[in-house]
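**Q** Taken in sequence, the protein lines are chains A and B. Under the numbering used here, the first sequence has 111 at position 100, and the numbering climbs by one with no breaks. Under the numbering used here, the second sequence has 33 at position 45, and the numbering climbs by one with no breaks.
A few of these clues could be false.
[Unchecked claim] DSBU-like cross-link-like pairs, simulated, lysine-lysine; straight-line CA separation at most 35 Å:
hint, chain 1, residue 1, chain 2, residue 2
1, B, K107, B, K44
2, A, K51, B, K73
3, B, K51, B, K108
4, A, K136, A, K99
5, B, K14, A, K90
6, A, K51, A, K91
7, B, K73, B, K108
8, A, K90, B, K163
9, A, K91, B, K14
10, A, K38, B, K31
11, B, K105, A, K90
12, A, K51, A, K136
13, B, K136, B, K14
14, B, K125, A, K90
15, A, K27, B, K105
16, B, K51, A, K38
17, B, K163, A, K136
18, B, K50, A, K90
19, A, K91, A, K27
20, B, K159, B, K108
21, B, K73, B, K31
22, A, K51, B, K125
23, B, K31, A, K51
24, B, K163, A, K38
25, A, K131, A, K27
26, B, K159, B, K44
27, B, K105, B, K136
28, B, K112, A, K51
29, B, K50, A, K27
30, B, K163, B, K177
31, A, K27, B, K31
32, B, K108, B, K136
33, A, K90, B, K51
34, B, K73, A, K131
In short, the hints are calculated from the structure, not lab data.
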Amino acid sequence: MEQLEIEGSAKTPDIKLNAEAGNIEIKGRSIPENSVAFYKPVIDWLSEYENNSPDQTTVNIQLEYFNTSSSKCILDLLKKLEGINNGKSNVHINWHYEEDDEDMLEAGEDYEAILNLPFKMIEIKEG
Amino acid sequence: MSQITLNTQHTAPLLSSFYNESISLKKDHDIILAFEGVLDDHKVEEFASTVENEMKRSNVTKKYIKNYFSIVIEALQNIRIHSYKSVDSYCNHSFAIASLKDHQYYLETCNIIENRKIKKFREKIDKVLSLSTSELKSYYFSILSEGKISDKGGAGLGIITLALKSNEKLKYSIKEINDSISLLTIISKVNTYQSP
């Protein structure tokens, strides 16, 4: 299965999806106006990954900002991973948030409450 | 299906004069950035990053920069998604004014709203304004959990996010232009004052 890499921009995050290693990384800002179109290739990739996943899947999400339409797309993406975690691959989510960014921590906690997935909240220290 | 023709003539000059009036009422504010015209995706990003850089230059605490940045993005993307759109771009003007007064960053936005959509909008914003912060967080959570995105790309969370990121209640006003359309103004505020 092919890797998927999308280079980040001022409005969209860096995306690195590696099926062989079971690594999924989303990092940066996610404020596109059309989030559904931006995240579509990621959702499509995850649909294929569902049947090609290794035993372990590690997901690292490190967002500085996300807009409200991205928040729904991230939920969709995590729901896909919840399906994969259901017997296909053990999925672990590392939710990174900047020191003192309580809103980003709470956003991660919201997803943790909605989904049946193990979350680890990781604070990024400044400097 | 019948076609509804809206009376949208002269909305650009009207919006422009309302914009000039809003600017003139801010004599005691430092205007950081102001925009009036047809908002596009690129201008939203440009407006948000310009005010972000300005706040960074002024050494504002990162938390407040993030709150204000989110407000700008949500408010302007809300206009892009929900504002009345005429086939004549001359009628699609809106404005945004980012200003600073006494350590408080204000964002005033104004756009055209169809009168037939006002009732639903008022219900939503009045509900948001009636809630405490913890109630707002629960409301946000309940809408997020439903996981729906409208055909227009809205998540139904924009106004809630404005309210959550503003540390004072949002203010809004609706001024009727004619029997079809009105001007909607929303003011959000981030207070960056930290007691010594």
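**Q** The structure should be examined with respect to each hint, and the outcome stated for every one.
**A** A quick look at each hint next to the structure:
no.	hint	in the structure
1	B:K107 - B:K44	violated (39 Å)
2	A:K51 - B:K73	holds (26 Å)
3	B:K51 - B:K108	holds (32 Å)
4	A:K136 - A:K99	holds (34 Å)
5	B:K14 - A:K90	violated (47 Å)
6	A:K51 - A:K91	holds (12 Å)
7	B:K73 - B:K108	holds (18 Å)
8	A:K90 - B:K163	violated (43 Å)
9	A:K91 - B:K14	violated (49 Å)
10	A:K38 - B:K31	holds (24 Å)
11	B:K105 - A:K90	holds (33 Å)
12	A:K51 - A:K136	holds (32 Å)
13	B:K136 - B:K14	violated (39 Å)
14	B:K125 - A:K90	holds (21 Å)
15	A:K27 - B:K105	violated (41 Å)
16	B:K51 - A:K38	holds (19 Å)
17	B:K163 - A:K136	violated (47 Å)
18	B:K50 - A:K90	holds (31 Å)
19	A:K91 - A:K27	holds (16 Å)
20	B:K159 - B:K108	holds (17 Å)
21	B:K73 - B:K31	holds (17 Å)
22	A:K51 - B:K125	holds (28 Å)
23	B:K31 - A:K51	holds (24 Å)
24	B:K163 - A:K38	violated (42 Å)
25	A:K131 - A:K27	holds (19 Å)
26	B:K159 - B:K44	holds (26 Å)
27	B:K105 - B:K136	holds (20 Å)
28	B:K112 - A:K51	holds (29 Å)
29	B:K50 - A:K27	holds (27 Å)
30	B:K163 - B:K177	holds (21 Å)
31	A:K27 - B:K31	holds (28 Å)
32	B:K108 - B:K136	holds (18 Å)
33	A:K90 - B:K51	holds (29 Å)
34	B:K73 - A:K131	violated (44 Å)
The structure does not agree with the numbered hints 1, 5, 8, 9, 13, 15, 17, 24, 34 stated previously, though it agrees with the rest.
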